[in-house]
Each structure stands twice: as C-alpha cells, then as structure tokens.
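*Asks:* In case you want the letters, here they are:
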Amino acid sequence: TQLLEQSPQFLSIQEGENLTVYCNSSSVFSSLQWYRQEPGEGPVLLVTVVTGGEVKKLKRLTFQFGDARKDSSLHITAAQPGDTGLYLCAGEDTNAGKSTFGDGTTLTVKP
Amino acid sequence: DAGVIQSPRHEVTEMGQEVTLRCKPISGHDYLFWYRQTMMRGLELLIYFNNNVPIDDSGMPEDRFSAKMPNASFSTLKIQPSEPRDSAVYFCASSSDGGTGELFFGEGSRLTVL
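Chains as they are written, first to last, in my numbering: chain V, 18 to 128; chain D, -6 to 107.
Isolated chain D (complex conformation) (with noise of 0.2 Å):
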C-alpha cells in the first residue's frame, strides 16, 4: 500500500510569493495533520482534520497560512504571501486513530522563502 504522499518534496521560491503544498493520506484514513518542523521549533501541528473537516487550527501561525481538505483523498497547505521566517520541512500526516493513534507521515515538504 502507499503511504501518505506528498509533493512538492523541494520548493524554493521568493518571497511574497503563494506556495501550495498538497497531501494524498493513506486510504480509508479519516484523520489528517499538517506539520512543520524546525530546528528551532522541533516539530509543530499547525491543524487537523476528521473526515475532511477541520477539527483544530490553533497551531496556524497567522492568517497567511490556510488549509484545505476538499475530499478524503486532498489536501492542502497554502501559504500566500511567503515569507523567508516560513522556511520548514512541512509533513502531513494521516491516522485512523485519531490525534492520539499511530501517525503515519509523508516525506515531507521542504520549503526555502528566499
């Protein structure tokens, strides 16, 4: 079976301009997270869904920051406008336990705001 699949795996872009990651979660998984990680900041949750509906936000930073889950099988993070402070690797991550269960993450997605 495939894992959680996500793309792009690099993006390096300039600042201001809009950035969209995407996330295929594992089959037959209702839970999905997006993640960031930073050396400073270790691993953060910026929000998750259950059965395609935002369940908590609280972890996105600000407004520029935006995610969506139109079906069980998409999903993704923009960011518009970027900045250089949103550099990270950001991981998605699917359950079928809830936020509590095993997750299984993608590869993540390194992002570089120039």
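Extracted from the complex, chain V is given alone in its bound form (with noise of 0.2 Å):
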C-alpha cells in the first residue's frame, strides 16, 4: 500500500494570509489529485496533477506536483474564510487501480 502523508495536520489563519499545505510518500504516483471537503459534505475534487514539476493555477489556489512525483504542494494566496476545509491529497495507485488518500490538512481561515 502506497502512503501519503500531509501536512500540516491543522493549520488556523487570518484572513489575508498565505499558507502552503504538503502531501508526500516514498512513492511514485502516475497522478495525485487534491479535494476539498467541507463539515457535513463530501469531498470536491479541485484539480489533478499528472506531470513531475507541473504546476497548475486555480483562482488563488496554486498546486505543484514534485519532479519525481512523490510528493505535492497546495498553496493558497491571500486566503479567505470560504477557504476553510479538510484538504485531501489522494494519489493513483497503478497496482491497485485505484486511488490512496492522505489523512488531510485541516484549514480554518478567520474572518
């Protein structure tokens, strides 16, 4: 089984303020995809990461997938109370066909 750690576990901040979040393993994954649950829902994917060193940009939101694709970062810009929620790193298993989810970066954002 293919773990993922991240990290921080949680993470309290002002609104206005920068923040990075982390998602890393021992192993490579072909993908890694990141979601964002809110309290009493499921989970939302916000993107999906397939190329070592890419980088995509989602309004303030800006996700980089390590060069050997073991490991990822979330960074949010400027971070608003809209932005609070358990983010979820989950990475493709290529043996397993299917995907292992890290245990979540929880994020309050203060007005």
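It should be emphasised that the hints constitute simulated quantities derived from the structure, not laboratory data. Quick reminder that beta carbons are idealized off the backbone N, C-alpha and C, glycines included. Keep in mind that the hints are not guaranteed to be accurate.
As the list claims (entries may be wrong) - In silico DSBU-like cross-links for lysine-lysine, where the CA-CA straight-line distance does not exceed 35 Å:
1. Lys71/D / Lys61/D
2. Lys76/V / Lys127/V
3. Lys87/V / Lys76/V
4. Lys71/D / Lys17/D
5. Lys76/V / Lys71/D
6. Lys73/V / Lys17/D
7. Lys17/D / Lys74/V
8. Lys87/V / Lys127/V
Stated by the list, open to error - Far from chain D, some chain V residues (derived; all Cβ distances over 10 Å):
9. Asn41
10. Thr79
11. Gly99
Stated by the list, open to error - Label-pair distances were calculated between CB atoms; the ranges are:
12. Thr79/V / Pro74/D: 41 to 51 Å
13. Lys61/D / Glu32/V: 41 to 51 Å
14. Thr31/D / Ser24/V: 15 to 25 Å
15. Phe67/D / Tyr39/V: 31 to 41 Å
16. Glu37/D / Pro25/V: 18 to 28 Å
17. Thr69/D / Val72/V: 36 to 46 Å
18. Ser51/D / Leu75/V: 44 to 54 Å
19. Thr31/D / Thr125/V: 18 to 28 Å
20. Ala95/V / Arg34/D: 27 to 37 Å
Make the complex out of the two chains shown on their own, each in a separate frame, by following the hints.
*Replies:* Written out as structure tokens, the structure reads:
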C-alpha cells in the first residue's frame, strides 16, 4: 500500500494570509489529486496533476507536483474564510487501480 | 443532474443491531466506491465495484461488513452486528474513470453505534 502523509495536520490563520500545505510519499504516483471537504459534505475534486514538475493554478490556489512525482504542495494566496475545510490529497496507485488518500489538512481561516 | 445520493444521512443505533446504508451513483458511472471516514484513520476505501461486480474488498474490516450492488443504480453497505467502533461517516462515491479518475462523493451517512 502506498502511503501519503499530509502536513500540517491542522492550520489556523487569519484572513488575507498565505499558506502552503504538503503531501508527501516515498512512492511514485502516476497522478495526484487534491480534494476539499467542507463540514457535512463529501470531498470535491479541486485539481489533478499528472506530470512531474507540473504547476496548476486555480484562482488563488496553486498546485505543484514534485519532479519525482512523490510529493505535491498546495499554496493558497490571501486566504479567505470560504477556504476553510479539509484538504485531502489522493495518489493514483497504478498497481491496485485505485487511489490512496492522505489524512488531510484541516484549514481554518478566521475573518 | 443529481449527484451521488446516500441514505440515511444520520443513523443512531444500538450495538448488535443491523445497519444498512444505501447509495445511488451518478447515472452512467460504472465504478462505485464505499469509503469510511474517522478522525483516527482518515478516509479509508472499503470496497469498490466495476459494472456491479466487486473488484477489491480488501478494505472491508471483517465479516460483519458486506456490500452489494444488484444493479447499476443501487448499492448497499450492511453491518451486522454493529459495534461502537463502527461509528464513522460512510461515503459512497462514483466515477466514470475508474479508481484513479475523479471521484464524485455523496454527502455521507453518519453512523453512531451506542
């Protein structure tokens, strides 16, 4: 089983601050996804990164896939209270034909 | 289009009782997944189906858990007998791209076993 470690586990910041959360593994993934989960709801896909070194931007969110495809980061610029939620990364396990989820980073953005 | 529909949203039951959770996937999606989410263990894959056939049930905790998918629009996850340690949020997800494509999750069923 390929494991994904996310850090930090919890993050509480003020509105307007920048932040970065990380997703790391000792295994290589064919692709990696980031999901956001709000309280009382299921996770919703934000982005999929496929190529080593790839950078994708989604408004104030910037996603990067490591060159070796073992790690990824999510950077949020000028965080807003609406960004509050649980951020999960999921790596594609090519051997098993399924994705493995990390434990998530719980982000709280205070107004 | 309707998303993945799960029922019940909340269930409180006593230890030893049978629990049945239900899921209707998005029409046209031929993969269906059951996940369990807890604070301690995060989001765990229990089982997934492709074209109504169970493909990988290695995440099912023990024989008390069973899942069926009698047709393309309905699946159940059953726990019998239930135990307090089964308390969790159970999510159903569907996909058209297999286990490594985008997963569309339902809103979850929060189970509390007393």
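*Asks:* Hint by hint, note whether the structure agrees.
*Replies:* Hint check results:
no. : hint                           : result
1   : Lys71/D / Lys61/D              : 8 Å, holds
2   : Lys76/V / Lys127/V             : 20 Å, holds
3   : Lys87/V / Lys76/V              : 25 Å, holds
4   : Lys71/D / Lys17/D              : 15 Å, holds
5   : Lys76/V / Lys71/D              : 41 Å, violated
6   : Lys73/V / Lys17/D              : 32 Å, holds
7   : Lys17/D / Lys74/V              : 33 Å, holds
8   : Lys87/V / Lys127/V             : 32 Å, holds
9   : Asn41                          : 15 Å, holds
10  : Thr79                          : 20 Å, holds
11  : Gly99                          : 19 Å, holds
12  : Thr79/V / Pro74/D: 41 to 51 Å  : 48 Å, holds
13  : Lys61/D / Glu32/V: 41 to 51 Å  : 47 Å, holds
14  : Thr31/D / Ser24/V: 15 to 25 Å  : 19 Å, holds
15  : Phe67/D / Tyr39/V: 31 to 41 Å  : 39 Å, holds
16  : Glu37/D / Pro25/V: 18 to 28 Å  : 21 Å, holds
17  : Thr69/D / Val72/V: 36 to 46 Å  : 42 Å, holds
18  : Ser51/D / Leu75/V: 44 to 54 Å  : 33 Å, violated
19  : Thr31/D / Thr125/V: 18 to 28 Å : 20 Å, holds
20  : Ala95/V / Arg34/D: 27 to 37 Å  : 33 Å, holds
Consistency with the previously given hints fails for numbers 5 and 18, ordered from lowest to highest.
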